[in-house]
Amino acid sequence: MSDSLERLYQAVLAAKDLDPAISRTARLFQRGPSKMAKKLAEEAIEVVIDAVNGNSEAVVRESADLLYNLTVLWASAGVRPDDVWREMARREHLLGIAEKLPKSSMKLPKASPDRIARRPIVALEGRRLRKRH
11 MSDSLERLYQ AVLAAKDLDP AISRTARLFQ RGPSKMAKKL AEEAIEVVID AVNGNSEAVV
71 RESADLLYNL TVLWASAGVR PDDVWREMAR REHLLGIAEK LPKSSMKLPK ASPDRIARRP
131 IVALEGRRLR KRH
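Counting from 1, position 73 in the sequence shown corresponds to residue 83 in my numbering; the numbering is continuous, with no gaps.
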């Protein structure tokens, strides 16, 4: 999956300076981060609605739109997919892959970069996540 998102990210970068009249990506870049964020939020809401309604096919389609818009926002913010993979590896090291960082003010230790670098990112792909109860 990370290869697919990297290719999408590269395609977004290549399209951002195209003619906005023919490129949705260029149009989003022209309109700025606020419009990008709005589109991302709209797609996230559509995924949620389709999931609640049990429409798996629509969840798949809307998730692809969500990932596209997330990638556009990343490019605008100067965030690369590898930056996100490193954060995921850091969290896996601290909490396990299925965990989300707590929202509390609790301070978590930073994982040392050399320790994270030894853990291949590809190990994140295809891994089964345990459902927490």
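Hints are computed from structural coordinates only; laboratory data are not their basis.
All residues carry an ideal CB built from backbone N, CA and C; glycine is no exception.
Heads up, some of the hints might be wrong.
Below are the PhoX-like pairs computed for lysine-lysine, each with C-alpha atoms no more than 20 Å apart in a straight line [claimed, not checked]: (1) Lys26 with Lys45; (2) Lys26 with Lys48; (3) Lys26 with Lys49.
Label-pair ranges, simulated between beta-carbon atoms [unchecked claim]: (4) Ala54 with Gly106: 22 to 30 Å; (5) Arg34 with His103: 33 to 41 Å; (6) Gly106 with Leu28: 39 to 47 Å; (7) Leu104 with Ala24: 17 to 25 Å; (8) Gly88 with Asn63: 32 to 40 Å; (9) Ser14 with Ala47: 33 to 41 Å; (10) Leu105 with Asp27: 35 to 43 Å.
- Task: Note whether the CB distance of Ala54 and Gly106 lies within 22 to 30 Å or breaks it.
- Result: Given about 24 Å between the Cβ atoms, the range holds.
- Query: Do the beta carbons of Leu104 and Ala24 sit within 17 to 25 Å of each other?
  - Reply: 35 Å, violated
- Item | Pair hint outcome, Lys26 versus Lys49 [Cα-Cα no greater than 20 Å] | 16 Å, holds
- Starting from the hint 33 to 41 Å, judge whether the C-beta atoms of Ser14 and Ala47 obey it. Roughly 23 Å apart at Cβ, these two residues miss the hinted range, so it is violated.
- Query: Taking 20 Å as the top limit, are the C-alpha atoms of Lys26 and Lys48 close enough?
  - Reply: 18 Å, holds
- Task: Confirm or reject the claim that Leu105 and Asp27 have a C-beta distance inside 35 to 43 Å.
- Result: 39 Å, holds
- Taking the beta carbons of Gly88 and Asn63, is their distance inside 32 to 40 Å? 36 Å, holds
- Item | Assessment of proposed distance window 33 to 41 Å (beta carbons of Arg34, His103) | Holds - the Cβ-Cβ distance for Arg34 and His103, about 37 Å, lies within 33 to 41 Å.
- Query: Given the hinted pair Lys26 and Lys45, is their alpha-carbon gap at most 20 Å?
  - Reply: 14 Å, holds
- Item | Range hint 39 to 47 Å (beta carbons of Gly106 and Leu28) holds or violated | 42 Å, holds
Hints 7, 9 from the list above are not met by this structure, while the remaining hints are.
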